[in-house]
Amino acid sequence: MYDGGKIITGIVIFLLFALFPIYSNFGKTYKPPKPDLNTPEIQKMEVKKCVEPKEYMRAEHMKLLVDWRDAALREGKRTYINSRGESYFISLQNTCMRCHSDKKKFCDECHKHAGVSPYCWDCHFAK
Amino acid sequence: MAKAAKPPKPEEITKTLDYRKTPKGPWIDTKVEFRPGMYCYGTRPKYLEEVDMPNPREWSTSDEDWKLPENWKEIFLEGMEDRLRKHRSFRLFMDICVRCGACADKCHFYIGTGDPKNMPVLRAELLRSIYRRYFTTGGKLLKRTAGARELTEEVFKELWYYAYQCTECRRCSVFCPYGIDTAEITIMVRELVNLLGCNTDWIMGPVANCYHKGNHLGLEPHTIQSNIEMMCDDIEEITGIRIEPTFNRKGAEILFVTPSGDLFAVPGVYTAMGYLMLFHELGLDYTWSTYASEGGNFGFFTSLEMAKRLYYKVYAEAERLGVKFIIGGECGHMWRLWHQYLATFWKPPENLETPKSPITGTVFEHASASKVVHVVEFTADLIRHGKLKLDPSRNDHLRVTFHDSCNTSRGMGFFEEPRYVIKNVCNHFYEMPENTIREKTFCCGSGSGLNASENMELRMRGGLPRANAVRYVHEKYGVNMLANVCAIDRAALPTLMQYWVPGVEVCGVHELVGNALVMTGEKKRTMDLRLEPLPGFEEEEEEEE
Amino acid sequence: MGVWFSFWVVVGLILVALIGAGLLNLSVIFGVVFPYLALVVFLVGLIYRVVQWGKTPVPFHIPTTCGQQKSLSWIKYSKLESPATGWEVFLRMFLEVVAFRSLFRNLRTEMGPGFRPVYGSSKWLWLGGIAFHYSFLIVFLRHLRFFTQPPSKLVSIIDSFDGFLQIGHPHLQLTGVVLFFAALYLFLRRLYIPQVRYISLPADYFPLLLIMGIAGSGILMRYFIKTDITKVKELTMGLATFHPKVPEGIGVIFYVHIFLVSVLFAYFPFSKLVHLGGVFLSPTRNLANNSRMKRHINPWDYPVKVHTYEEYEEEFREKMKMAGIPVEKDIEEEETEEKEQEEKE
Chain E
-4 MYDGGKIITG
6 IVIFLLFALF
16 PIYSNFGKTY
26 KPPKPDLNTP
36 EIQKMEVKKC
46 VEPKEYMRAE
56 HMKLLVDWRD
66 AALREGKRTY
76 INSRGESYFI
86 SLQNTCMRCH
96 SDKKKFCDEC
106 HKHAGVSPYC
116 WDCHFAK
Chain C
146 MAKAAKPPKP
156 EEITKTLDYR
166 KTPKGPWIDT
176 KVEFRPGMYC
186 YGTRPKYLEE
196 VDMPNPREWS
206 TSDEDWKLPE
216 NWKEIFLEGM
226 EDRLRKHRSF
236 RLFMDICVRC
246 GACADKCHFY
256 IGTGDPKNMP
266 VLRAELLRSI
276 YRRYFTTGGK
286 LLKRTAGARE
296 LTEEVFKELW
306 YYAYQCTECR
316 RCSVFCPYGI
326 DTAEITIMVR
336 ELVNLLGCNT
346 DWIMGPVANC
356 YHKGNHLGLE
366 PHTIQSNIEM
376 MCDDIEEITG
386 IRIEPTFNRK
396 GAEILFVTPS
406 GDLFAVPGVY
416 TAMGYLMLFH
426 ELGLDYTWST
436 YASEGGNFGF
446 FTSLEMAKRL
456 YYKVYAEAER
466 LGVKFIIGGE
476 CGHMWRLWHQ
486 YLATFWKPPE
496 NLETPKSPIT
506 GTVFEHASAS
516 KVVHVVEFTA
526 DLIRHGKLKL
536 DPSRNDHLRV
546 TFHDSCNTSR
556 GMGFFEEPRY
566 VIKNVCNHFY
576 EMPENTIREK
586 TFCCGSGSGL
596 NASENMELRM
606 RGGLPRANAV
616 RYVHEKYGVN
626 MLANVCAIDR
636 AALPTLMQYW
646 VPGVEVCGVH
656 ELVGNALVMT
666 GEKKRTMDLR
676 LEPLPGFEEE
686 EEEEE
Chain A
10 MGVWFSFWVV
20 VGLILVALIG
30 AGLLNLSVIF
40 GVVFPYLALV
50 VFLVGLIYRV
60 VQWGKTPVPF
70 HIPTTCGQQK
80 SLSWIKYSKL
90 ESPATGWEVF
100 LRMFLEVVAF
110 RSLFRNLRTE
120 MGPGFRPVYG
130 SSKWLWLGGI
140 AFHYSFLIVF
150 LRHLRFFTQP
160 PSKLVSIIDS
170 FDGFLQIGHP
180 HLQLTGVVLF
190 FAALYLFLRR
200 LYIPQVRYIS
210 LPADYFPLLL
220 IMGIAGSGIL
230 MRYFIKTDIT
240 KVKELTMGLA
250 TFHPKVPEGI
260 GVIFYVHIFL
270 VSVLFAYFPF
280 SKLVHLGGVF
290 LSPTRNLANN
300 SRMKRHINPW
310 DYPVKVHTYE
320 EYEEEFREKM
330 KMAGIPVEKD
340 IEEEETEEKE
350 QEEKE
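From first to last, the protein sequence lines stand for chains E, C and A. Heads up: the first sequence begins at -4 in the working numbering, then just goes up one per residue. Heads up: the second sequence begins at 146 in the working numbering, then just goes up one per residue. Heads up: the third sequence begins at 10 in the working numbering, then just goes up one per residue.
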């Protein structure tokens, strides 16, 4: 009247769930992603700078891209003035991807790592 | 002893009920007030002595000093620790309650009193606060912040007071997401207070009687026989048939055990007359026992050990008489125990066989281990096989509703059998509202040993939800008969009906069977089992006049 | 009782993380030591509790039957509410655990017209409970993205429906918001329903506020005060592979979040939250209603004092004989026995 067998089975199932992250990584070595910025276009640049500062881009690039999309497609605006007062042509293909031409090594490297699948490529072609 | 207070008028009770109100301040600081009419008298020492229970002494629940032994706290806490080790239900239910409140308004005592300590969750918290204080690290360290409190005499009395304002009906357990059953907690609290001799007189008296004389009422063998013979006299007057039941007869096929209330009190005796007529008509080879003359078990309201001691007689007598199986009469807590406890308490003797109806040949597979069959199961099977000649029109003056007893409902799952029988012996049957029947049924308010007279206000308050549902069908369909399968119901509900719903009477299912049963060689019936004229069947002379 | 106490404890915990990880730079303590400790306490503690319950026997067979028993063959019995077999018990338990079936039955008692109690359907608690537990489960599974490399497929499946509204960037994941508001609902009902307020303890408010803190900090981190997710994953993967390392530049919001989670894990085994394991062990739910078919054995059963038939007959023999009730021992028989004994003596 203890049901010991069932209780132990339950505990084992619980541990299988709870410890999944540990045993599924067992013996694997983890390598953090290394996005590659080294494209010919970037090498050509004298001052290597993006549309906005690097930290901002890391955290907010998705927001900027969507703002660009809205500006270009919904409002027909094609000029973006950044925080430094410089103007850029609003285009994923022709502005962003001109420098970051290697999607695999730039975009996908981190997106895959974080398990993110942005819908940019539903419409855009990746080179 | 405090004088029994008269209960207030019905409308005085209902008008003061407001479920949105709670007392000021946290419950942990609200002191228990022993209000006359809401509790039972403490037990006399002689009853405790008769069954060797601890701390027999003269005392009264209304006294300041309950004359607990000096080391009472130790006894209580050791008893608690022991039980925490022995009952998974107890430990688990102390640990896992999240106080979601689903049970809060399900208790008939809460609905009838509005006292938040009658919410099942809080009734359990009364003890849980002690559990935390003495058996959990958090409670030992954080004390009150963790919801823990010291065990004091005040707290002990509070536990006592609310353990005897719970009828162990298990309605809360139906709604609890973890199935926490307050009955389990009340059973434990009652065991603990019994370690200190703090039972009620109304429970301990029947326990002592049952132990020595075989039944709660203390009927001696010749009295049982003469009571039943008196019923046979009435049956003869009604049907013209003389029934000669046997007692303690060896070699009978079946032992019949029913709560002793059926042998003594109105309207239970009419139910017993129904059994007698049915068994006679079938020519059943059965016997009554004067030794195992109690189906009920007030030991269960004392301690599980006492329940086991009292139920020794059932199987022992079945073994001594050499019967093949046992039929049990209509009773609530008896069937909770026969269904869930009896075969665990005692090993069924070898001479018992899987019950098989000698009339229909039906094998009661569901009773293959315990060998006990409910009389209503037995009768339902008879009717299903067309073995009974029934004239339901004899019950045409009755508009019947059925009260599911707590114990058979939530401790057995006994719903369709009694309904099937009633619908075959009555033409007018009406259900009470859905949320007040079957597994959601409301207690009579007097179960688990609370059917005394000094706590009348408590009983009437506790019975409010049940009575309220009866009133609904009484007003809507003209229901005038409340049928049930429980001896405590038959004892308690008539008072409850008089108080809340005058005009509704109470009967056992087999009284209705007895009325409808057409017996071989019977004379024309002009009276029902209550010896009252049967409307529509009056004597011919009267019709001519 | 204890709302403010619980509130200030949670605020205090947040401050501890802000000061510890933000000002004192104890990121190793908050990012590595506490999470490991919390996990150990959680696993060991919870298993200890379950084993403790498991070692406590179930002496009696006490299912709460909420439907028709299995009796006569022609009466349909309720397989879910009054299960007769192990499989049916499994189904009953399954629905109890995944659908909160008992809670779904919930009714609300109110004083109706004419001072008569009425019982109406009441599903809010059930709905709140379901929303809370399921969103928590999904949020929990979503976090597998931080502990698997490449991220488990499960994560992208969950993402696809969790963020299907495509609100904002990154897409708003509904479960996080649902979790926060469900916890808020459960918290507010504790404050506003008088009966529930009356029974609530600090132990009831605290976990809800803590979970709101966890959900809130998570939402803040994802949408408002962003931090470098790549670095966060470096930290969490370090934990999972036992090569802990704390990359530079993770925002303090992350440490607040992971500290609150650690507290929840460590608190778990000592609290009512153990209902996670306890629900499976409840004897009123996980036993078949078959006690007349199969004898339930009480492992600590012990002999008790009983009143035997012989003792009974001894007391009433004469009365029984007078009434013509059969007895085992005749009185004359008894007398001769007595005489024989006397002669022997």
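Since the hints were made in silico from the structure, they are not lab data. There may be inaccurate statements among the hints.
[Unchecked claim] Covered stretches of chain A (chain E as the covering partner; in silico rule of three or more C-beta atoms under 8 Å from a C-beta of chain E):
| id | segment |
| --- | --- |
| 1 | 162 to 171 |
| 2 | 216 to 228 |
[Unchecked claim] Simulated crosslink set (DSS-like; lysine-lysine; CA at most 27 Å straight-line):
| id | chain 1 | residue 1 | chain 2 | residue 2 |
| --- | --- | --- | --- | --- |
| 3 | E | K107 | A | K240 |
| 4 | C | K534 | A | K85 |
| 5 | A | K353 | C | K262 |
| 6 | E | K99 | A | K235 |
| 7 | E | K26 | E | K98 |
| 8 | E | K23 | A | K85 |
All figures in this text were calculated on a predicted structure; none of them were measured in a lab. Using N, Cα and C, we set each Cβ at its ideal position, and we do this for glycine too.
Quick rundown of the hints versus the structure:
Figure legend: the segment 162 to 171 of chain A, annotated as covered by chain E; annotation consistent (3 residues with Cβ-Cβ distances under 8 Å, at least 3 required). Counting residues of the segment 216 to 228 of chain A whose C-beta sits closer than 8 Å to any C-beta of chain E gives 0, which falls short of three, so the coverage hint is violated. Only pairs whose Cα atoms come within 27 Å are accepted, and K107 of chain E paired with K240 of chain A is accepted, the gap being roughly 14 Å. With a C-alpha separation of about 25 Å, the suggested pairing of K534 of chain C with K85 of chain A holds against the 27 Å cut-off.
Proximity of K353 of chain A to K262 of chain C is assessed by CA-CA distance (about 67 Å); at most 27 Å being required, the pair is judged violated. For the hint pairing K99 of chain E with K235 of chain A, the CA-to-CA distance comes to about 24 Å; that is within 27 Å, so the pair holds. Annotation: proposed proximity of K26 of chain E to K98 of chain E holds, straight-line Cα distance about 19 Å (limit 27 Å). Between K23 of chain E and K85 of chain A the alpha-carbon distance is near 56 Å, which puts this suggested pair outside the 27 Å criterion.
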